[in-house]
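Engineer: Using the sequences and the accompanying hints, generate a full structural model.
Each chain, letter by letter, is given below.
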Amino acid sequence: MEKPMSYESEDHLNLKATELRLGLPGRDESDKQSSPSAKNNKRTSPEMEGVLYAENEEQDCTPPPKAQVVGWPPVRSYRKNCFQPKKIEADASGVYVKVSMDGAPYLRKIDLNVYKSYPELLKALENMFKCTIGVYSERDGYDGSDYAPIYEDKDGDWMLVGDVPWDMFSTSCKRMRIMKGSEAKGLGCL
Amino acid sequence: MDPKRSRNSHESVNSSESTRFPDEVLERVLSLLTSHKDRSSVSLVCKDWYNAERWTRTHVFIGNCYSVSPEIVVGRFPAIRSVTLKGKPRFSDFNLVPENWGADIHQWLVVFAEKYPFLEELRLKRMTVTDESLEFLATSFSYFKAISLMSCDGFSTDGLAAIATHCKNLTELDIQENDMEDNGGGWLSCFPENFTSLEVLNFASQQGDVSFDALEKLVDRCKSLRVLKVDKYVKLEQLHRLLVRAPQLTDLGTGNFQQELTPRQCAELESAFSNCKNLHTLSGLWDATSLYFPVLYSACGRLTFLNLSYAALQSGDLAKLLPHCPNLRRLWVLDTVEDEGLEAIGSSCPLLEELRVFPAAPFDLDINRGVTESGFIAVSRGCPRLHYVLYFCRQMTNAAVATIVQNCPDFTHFRLCIMNPGQRDYLTGEPMDEAFGAVVKTCTKLQRLAISGLLTDLTFEYIGKYAKNLETLSVAFAGSSDWGMQCVLRGCPKLRKLEIRDSPFGNAALLSGLAKYESMRSLWMSACNVTMNACKLLAREKPRLNVEVMKDDETDSQVDKVYVYRTIAGPRRDAPPFVLTL
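Same order as they appear, the protein sequences are chains A and B.
Take the first sequence: its position 52, counting from 1, is numbered 52 in my numbering, and each next residue is one higher.
Take the second sequence: its position 193, counting from 1, is numbered 193 in my numbering, and each next residue is one higher.
None of these hints come from the bench; they were simulated from the model.
What you are looking at is a predicted structure, and each value in this text was computed from that prediction instead of being measured.
You may find that some hints are simply not true.
Said to hold, decoys possible - Below, a sample of chain B positions facing chain A; criterion: calculated Cβ distance under 10 Å:
#	residue
1	Ser205
2	Glu260
3	Thr262
4	Gly301
5	Phe305
6	Ser309
7	Tyr310
8	Pro350
9	Glu354
10	Pro362
11	Cys417
12	Ile418
13	Met419
14	Ala450
15	Leu454
16	Phe477
Stated by the list, open to error - No farther apart than 27 Å at their CA atoms in a straight line, the calculated lysine-lysine pairs in the BS3-like style are these:
#	chain 1	residue 1	chain 2	residue 2
17	A	Lys98	A	Lys80
18	A	Lys123	A	Lys109
19	B	Lys497	A	Lys174
20	B	Lys320	A	Lys116
21	A	Lys154	B	Lys235
22	B	Lys494	B	Lys465
23	B	Lys235	A	Lys80
24	B	Lys536	B	Lys494
25	A	Lys80	B	Lys125
26	A	Lys98	A	Lys154
27	B	Lys125	B	Lys37
28	B	Lys497	B	Lys542
29	B	Lys47	B	Lys125
30	B	Lys516	B	Lys445
31	B	Lys465	B	Lys445
Stated by the list, open to error - To be clear about the criterion: a stretch of chain A counts as covered by chain B if any three or more of its residues have a C-beta under 8 Å from a C-beta of chain B, and this derived list gives those stretches:
#	segment
32	113-119
33	162-170
Even glycine gets a Cβ: it sits at the ideal position worked out from N, Cα and C.
Structural biologist: Below is the structure:
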């Protein structure tokens, strides 16, 4: 099974620094302060470091206040691996996911917590990227539209946006992509 | 030891002949003994009994694979059908033992293949098992029935395929908590079409998909299947298909418990669960939320063991579920349920005997949530029969622990982990000595103890003075001087396993146990103040102990890790270069 893409390793490569950004990229919540302690649960909400701190590399490298000790606490590693804690902290400071669009020169970030349903999200995406995504149908996906939104879930699989209940989507979505309609035809027929 | 009584002695004609059993009778009687401790005692009575016992023993338990050699085992016990072997020191679970340390099963299998062709069962814990070994096992023993691997490493699903392919009489395939490489789920298809004998199937620790079609067919044809634990890639609707084919299950590990189901699918799943009239153990439940708990309610009344440690439940979720589970004896949860969740346990599960609370984010240093002392107190109030606890928390007080053991004086296993090393009683600022003092004073049946928090030598004085039934002690970041360890070694007559890390015990402490270590299974000390000289001295004085040192730095006299254990097999022949047997 494909290993899910790890955002932690992405950060080590510092891809953020090489992202092309023009002007103020996707700062929907410009005044939201991510407190340092919001670095919890890196595994599930790496985006929480916040786009605000993209330029501030120190935030990523801030050492934890206490030292990590080998083999302490005495918890078996399989418990660490299996377990994906719920994004409880996420509600406080936003669930930012990257959104890329085929053909666009730079990515955007949106806070999924701002939206309560798919229509809201899709409308926001349409506005942000100046495109038409259209209406979702269970059978045909977004067939007929110029674009189809897909997202990468916790398992690393790319899924069509709209199939699962909103809550399930917003907690398992790691990043999104707006795919060109011609490419998306395949997905819609699944 | 009693004087020898030779079988053919003429002396016996005159002496108490009437009290001598014919050997056949003695062997018949002894063959009814199953406990290895009883058998051990029996074998010490006299030579006759030693012989009768060794001929009738069918199961051998070896708590430390290096304490004896395969050749010695097969030499003494000719009729073994079942073997249990434990390998690495327990701290290897927490990455304190480097890779390739040893405890490889292969040489054992080679010897067994020659001397125990009728071997039926093999149960291993913390051993290294390769795919080649599994294949060798599967092809060498035609009557092989049961394999159980717990916390083992070195194998992949290919090894399981070998077992499935060749073991025609397999009843048990139990793969628990292992580091198993996933080379695909095709191994399930390797069970032949006419294979129907499986009773136990546990592959919960697999990290990938299995061929569901093969699984479904297997479950369908194995009518004696009573234990089924699938991995987290099996979905809810697939679970339903399995359950309707195996309503006789007593022990179920579900797969992922989060999937969008239609109301009809929910009803079907609920019906399937209610048809499992014998279900008493439930685990798995990955990503479960309270959304689908109602499908379980009909089965919950019969549950005695519920493992929720893979589901990040909140207190409300637990409060919804537990009133349906009044017969629980054992419960494992994550600390996401918080103190309120534990209160629900206290009020819903009066028969509870064992509670384990695991930390959801143990390596996350900034989090301040989880359970506290008040949750523990709440459980102790509502569950007076509690005797086994494993509790991870971030704060504790001496007074709370004293209250807890007043409420539950029957603890046999008390494992408290205050996650920040050396943490004080958060209300009084004092060390946690009195907490563990209360435990050992009140819980006279205590067999296993794990301590944590800021602890001085006083804790160890208490342990040495009061913990007279203590067999296993785990120490980390505790104690002030050699005196502490000396108290324990001097005072605990039944001590068998002592594991210590990051504590200021040095040579005097190590050497004070000179007379004791042969009566113990093993001693582990890491990141303490022990030097090479003391270890060498110990090794010299006690030739029947293996004193193994693991060093990071060749030149330093300070010892990183020392592992001391009794053995009749002499020094290890398979020690890797970083293990020095003195």
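Engineer: Just to be careful: measuring from the Cβ of glutamate 260 of chain B to every Cβ in chain A, is the smallest value less than 10 Å?
Structural biologist: Given a least distance of 6 Å, the restraint on glutamate 260 of chain B holds.
Engineer: Does the interface hint hold: is isoleucine 418 of chain B within less than 10 Å of chain A, judged Cβ to Cβ?
Structural biologist: Hint holds; isoleucine 418 of chain B Cβ to chain A Cβ min 9 Å, cut 10 Å.
Engineer: For a C-alpha distance cap of 27 Å, please report whether lysine 235 of chain B and lysine 80 of chain A respect it.
Structural biologist: Satisfied, since the Cα-Cα distance of roughly 21 Å is no more than 27 Å.
Engineer: Hint check: lysine 123 of chain A vs lysine 109 of chain A, CA-CA at most 27 Å. Holds or violated?
Structural biologist: Roughly 15 Å separates the two Cα atoms, so the pair holds.
Engineer: Does serine 309 of chain B meet its interface restraint, that is, does its C-beta lie within less than 10 Å of any C-beta in chain A?
Structural biologist: 7 Å, holds
Engineer: Three or more residues of the segment 113-119 of chain A near chain B by CB distance under 8 Å?
Structural biologist: Check failed, 0 qualifying residues.
Engineer: Has the given pair, lysine 125 of chain B with lysine 37 of chain B, been kept, meaning a C-alpha gap of at most 27 Å?
Structural biologist: Between lysine 125 of chain B and lysine 37 of chain B the Cα gap is close to 19 Å, so the pair holds against 27 Å.
Engineer: Any CB of chain A closer than 10 Å to the CB of glutamate 354 of chain B?
Structural biologist: Glutamate 354 of chain B check fails; min Cβ-Cβ to chain A is 18 Å, beyond 10 Å.
Engineer: Lysine 98 of chain A and lysine 80 of chain A were given as a pair; does the straight-line alpha-carbon distance stay at or below 27 Å?
Structural biologist: 26 Å, holds
Engineer: Answer holds if the nearest beta-carbon of chain A is closer than 10 Å to that of threonine 262 of chain B; otherwise answer violated.
Structural biologist: 12 Å, violated
Engineer: Taking the closest Cβ pair, is phenylalanine 477 of chain B under 10 Å from chain A?
Structural biologist: 8 Å, holds
Engineer: Is lysine 494 of chain B close enough to lysine 465 of chain B, meaning Cα to Cα at most 27 Å?
Structural biologist: 13 Å, holds
Checked against the numbered hints listed earlier, the structure breaks hints 3, 4, 5, 8, 9, 15, 19, 29, 32; every other hint is satisfied.
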